[in-house]
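**Q** First to last, the protein sequences are chains A and B.
Quick note: the first sequence, position 87, residue 87 per my numbering, numbers continuous.
Quick note: the second sequence, position 71, residue 1071 per my numbering, numbers continuous.
Worth flagging that the hints you see were computed from the coordinates, not collected in a lab.
Computed from a predicted structure; not experimentally measured.
Mixed in with the good hints there might be a few duds.
Non-contacting residues of chain B with respect to chain A, defined by C-beta distances greater than 10 Å in every case (computed) [stated by the list, open to error]: (1) 1032; (2) 1034; (3) 1042; (4) 1075; (5) 1117; (6) 1198.
Covered by chain B, according to a simulated footprint, are these stretches of chain A (three or more residues, beta-carbon under 8 Å) [as the list claims (entries may be wrong)]: (7) 55-61; (8) 65-77; (9) 80-89; (10) 93-102.
Note that the Cβ used here is the ideal one computed from N, Cα and C, for glycine as well.
Protein chains: 2
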Amino acid sequence: MLAVVIDLVAFDGDDTLWHNESIFSMTQERFRELMQPYVGDRDLDERLFATEMRNLRLFGYGVKAFTLSMIETAIELSDARVTAEEIAAIIHAGRSMLEHPVELLEGAEEAIERVSERHPVMLITKGDLFDQESKLARSGLGDRFDAVEIVAEKDERAYRRILDRRGVAPESFVMIGNSARSDIQPTLALGAYAVHVPYPLTWAHEQIDETELQTHGRYRRIDSLADLPVTLTSL
Amino acid sequence: MLAVVIDLVAFDGDDTLWHNESIFSMTQERFRELMQPYVGDRDLDERLFATEMRNLRLFGYGVKAFTLSMIETAIELSDARVTAEEIAAIIHAGRSMLEHPVELLEGAEEAIERVSERHPVMLITKGDLFDQESKLARSGLGDRFDAVEIVAEKDERAYRRILDRRGVAPESFVMIGNSARSDIQPTLALGAYAVHVPYPLTWAHEQIDETELQTHGRYRRIDSLADLPVTLTSL
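Looking at chain A on its own, in the form it has when it is part of the complex (with noise of 0.2 Å):
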């Protein structure tokens, strides 16, 4: 058996490196507690949902996209009684994730510092460039890097450029993420490798059906960042 030649390794940020998804299920839980009186029986989360999809054409991704979502949502859902004051709470609440301390998860620091010894690493996260950069600056990871992507979408274009421009066959490429639409299944595709680390939350548009990735032979899958290492030697 032939070993694998690493040439690198790519981290995804949010749910990967640090915490993300809880803010949104956080600030989702209080945008449902301002729309209490207008809901009814109708599903505040499903509705929620579907203006993100609507926009996401338009808006893209990130806190900013999604705080206008919350109150295109609401006032549709009000039949347009909600007051001034709701949606200045709503801004608030999408501000105050922006303000959100950057919370790495167990083990990412170290993961990285294990990883860069043998490899280059690189991180390439999606969504909002600004909310983004500032989130790797508050990170305190940005030097940590040898290079940093942030992308609009990550599908399997975006990954073939990346690579591309560095000049780095798919087959000595490893990504590791979450989310198995955004990290997994569009590197799986290029003919690289994929480190599947869940996160306990995923947003509805991330999530895909995992049955035939899983079965791919260069998929892996680990619990935590903290069996990265070995993992990647074992490739």
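Based on the hints, put chain B in the right spot on chain A.
**A** Frame of chain A, contents of chain B only:
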């Protein structure tokens, strides 16, 4: 006199290659109409700008940030009397900006083509990643550039990083743009050449005292991109 060797020529996007500030200005006009009943003798533009500046650190640039700032200003100025319908109209105005056709400035396409016959050409634009990528795609100019960088802020550090990554010396780099603050000042400071193509409208935030820049030895000013090729050959 030694000839100047140019290794890289970069264009700004907004208001250099395609119209942008005119769309913001049009939306602000619509916002002014909407807010008329609440404004009285207060200066709406000034209040909106103050909100934008307060939010810049958290929201960054772009349409989504602008839309959220309009909503906040509307709530504050109206003492929370603004209606949900009016807020929906503000969001609608923001959405229209994102859907607005990308209109190239006269001579933009030809200028890129002419320059690219002799030098590698690049796009360096700031703002919202998703929105900028979408504008670039809709501009039809996507394939014309050898490289594209979308940055959160166009300061000396950002330009230095871009040049370092490509191994380009500042004195072999030319930046072309409409903004004295974002395109001209930082690149001159870095030791590069800067070609200023003013746009009829300038956002207050981008306005700086240009007196010193204009006497700089590596500063050039042209009225139209049509003058660019000849300017580059006579640096």
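**Q** With reference to the structure, classify each hint as holding or not holding.
**A** Okay, the hints, checked on the actual structure:
Non-interface call for residue 1032/B relative to chain A: holds, since the shortest CB-CB distance, roughly 18 Å, exceeds 10 Å. At roughly 13 Å, the least C-beta separation between residue 1034/B and chain A is larger than 10 Å, which holds for a residue marked as non-interface. Non-interface status of residue 1042/B relative to chain A is upheld: no Cβ of that chain comes within 10 Å, the nearest being about 17 Å off. Residue-level check failed: residue 1075/B sits 5 Å from the nearest beta carbon of chain A, not beyond 10 Å.
Every CB of chain A is more than 10 Å from the CB of residue 1117/B (nearest about 23 Å), matching its label as outside the interface. Against chain A, the non-interface label of residue 1198/B holds: every CB pair exceeds 10 Å, the least being about 26 Å. Only when three residues or more bring their CB closer than 8 Å to a CB of chain B does the claim for the stretch 55-61 of chain A stand; here the count is 4, and the claim holds. Taking a C-beta to C-beta cut-off of 8 Å, the stretch 65-77 of chain A contributes 7 residues in contact with chain B, enough for the three needed, and the coverage statement holds.
For the stretch 80-89 of chain A, the assignment as covered by chain B holds, since 8 residues bring a beta-carbon within under 8 Å of that chain's beta-carbons and 3 suffice. Taking a C-beta to C-beta cut-off of 8 Å, the stretch 93-102 of chain A contributes 4 residues in contact with chain B, enough for the three needed, and the coverage statement holds.
Hint 4 alone, counting from the list given before, is not met by this structure.
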